Amino acid sequence: MSATLLTIFFSALLINNFTLSYFLGLCPFFGVSGRLQTAFRLGVANTFVLIITSLATWALNTYVLVHAPYLSLIAYILVIASTVQFVEMVIKKTMPALFRALGIYLPLITTNCAILALALFQTSRGYGLVEGLVFAVASGLGLMLALVLMAGIREEAELSNVPRLLRGTAMSFLIAGILSLAFMGFAGLFGGS
Amino acid sequence: MSSASGRFLPEMAKGILRENPTFVQVLGMCPALAVTNSVLNGIVMGAATTFVLVMSSLMISALRKLIPSQVRISTYVVVIATFVTVADFSLQALLPAAHHEMAAFISLIVVNCVILGRAEAFASRNPVLISIADALGMGLGFSFALVLIGGVREVLGSGSFLGFPVFGPGFEPWVVMVLPPGGFLVLGVLLLGLAKFAEIRSRAATRSTAEEPR
Amino acid sequence: MSAAGGSSRSEVLQLVATLTIAGVFSGLSIVIAYRTTLPRIQANQRAALERAVFEVLPGTTRLERFSWDGTVLAASTADQGALQDSIFAGYGEGDALMGFAVPGAGAGFADTIKLIYGLDPAGEHVLGMKVLESRETPGLGDKIYKDLKFVAEFHELVVEPVIELIKGHGDKANQVDAITGATISSRAVVKILNQSNAVWRPRIAALAAQPPAAPGDASSKAPALVPPDAYRGGPVPGGLTGDKP
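Residue numbers (our numbering), protein chains in the order written: chain X, 27 to 219; chain G, 16 to 229; chain A, 835 to 1079.
Incorrect hints may have been included.
Claimed, not checked - To give an idea of the chain G side of the interface with chain X (calculated C-beta under 10 Å), a few residues:
#1 Phe104
#2 Val170
#3 Pro196
#4 Gly203
The hints are simulated quantities; they were obtained by calculation from the structure and are not laboratory data. Because the structure is a prediction, the values reported are computed rather than measured. The beta-carbon is built from N, C-alpha and C at its ideal position, and this holds for glycine as well.
Here chain X stands alone, though its shape is the one from the complex (with noise of 0.2 Å):
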């Protein structure tokens, strides 16, 4: 069981990580990369929704969608964006400082498709609770690997003198081809060991 949740753990962080290996959170990821300290609040912030959702998934699959399993769709959006919605709120009342700290990317995360693509994940690989919350934790960490990666190198990039043409969404895109290809290299990190 425990060596499934390290597998679990490893390839949602790793081999299959969300943003370089299923393009999944790619808007923030080439959006608001540019800078260290934003891209690791957005991975920590996108690492608790994620969270959220994975439970709220479980909670849907267990509960209500076993009688009506077309209607997933809809009910993974709909509770998705109103369960952060809350979460937000009682943030907000309970936490300002981490709301503050955190708040203003969240109704950013909810459209992200990280998040509904874990929902769907969980769903299709028929993780239960605690895989799911695994799940959510590595894929979490893995969009923020990615993110504070990304932003390093484009924080160096600026100062560097790059062709003109390059600079902005080719140089990103080039740059994240890069960064896929050496995370290529941890598959087979658990592989018929």
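Got chain X; can you put chains G and A on it based on the hints?
Same frame as chain X, now just chains G and A:
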């Protein structure tokens, strides 16, 4: 009506090149990269996205005066999710093999920012016919981008186009192109090429305007 | 999202009404789409499953589903029991039992590999193996289903004591040659088979040993199942049964 139908074609054309959602607006990256390791996947994903775009634009534009602005985003999302679910079931019934390959990414059309973006920025403010033109154009532009990326990746990475081999048997496939890094790299290079193209064009344009007065 | 302070009652009502209408419309369209496409989808899934089972159990013309309910294997239908808890008995000409198709899954090089393989009625030989889903590297790892020589290794493969993966050329009946350049993927396939064997062979043996109490046309199926003696010879090695129930 005549003015509306007169705007139909230009509204449609802008999405294909000038405001192409993938290459110019750089939106909806997730499906553009995740499923484009073959041309066929690109076509199917493009068609499904276009279907959802057109249907939801039609719906939202027709109801735009009835939807209160406080709940508009939730309403849009419900409408979009409905059409995505319909597309998902239809694909499962008609093209099970293609659906099997893309499974989760079909559902992820819901969160494709292009669709919600068009609903909010265009369909909620324009009459039905023009909104459909806009959606159709954006959908076609998106499909065009997917097919282009898918084409480059499939030709280089598998040595085939739509499954038909294009090179001789001696071709050693450039495998990384059909893997995730290939998606990033191909799109990066395409964007670079477009930037160069735009630069040449604008330089030519300024030169021609500079020469004209003489 | 909450309405502004001075909002009147009718305004709130309008918001709720809009969302309700949207919900009703969406529910209706989804249910209609679901009902219309369901037969086709189910037919597709059944066809895909049958294709896979017929491929790993050569000579099969009809299949019967059995699910593990925690204690015994019992005949089941597609809506009972999860797929990973089910195997498929394949019957050939004259309703002779050709073997069991067993689904398996495990970590591969890139992602989970899902496969299905056929065991002969006595549970001693693998008759065929088909990869259903994988994200193995094209050109290397995907040889686990593209390399016909590797796939052919899983025909008449002895499962006792365990299936072994050999780099180079294995000549024993329980050995599989690894694919050059894709050792990890090949090893993953072998590992999945061994793990599933450890789980399913005792269950299949128990099924054959139990009195023919299968529901429905029990009389036609009973003689087809193998005599219980076929299993006495080969207990599953302890090292594997302890691995994962």
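The hints, checked one at a time:
1. At its closest, the beta carbon of G/Phe104 sits 7 Å from a beta carbon of chain X; the interface hint therefore holds under the 10 Å criterion.
2. Residue-level restraint check for G/Val170 is violated (minimum Cβ-Cβ distance to chain X is 18 Å; threshold 10 Å).
3. Below 10 Å, beta-carbon pairs count as interface contacts, and G/Pro196 has one with chain X at about 4 Å; its hint therefore holds.
4. For G/Gly203, the shortest C-beta to C-beta distance to chain X is roughly 3 Å, which falls under 10 Å, so the interface hint holds.
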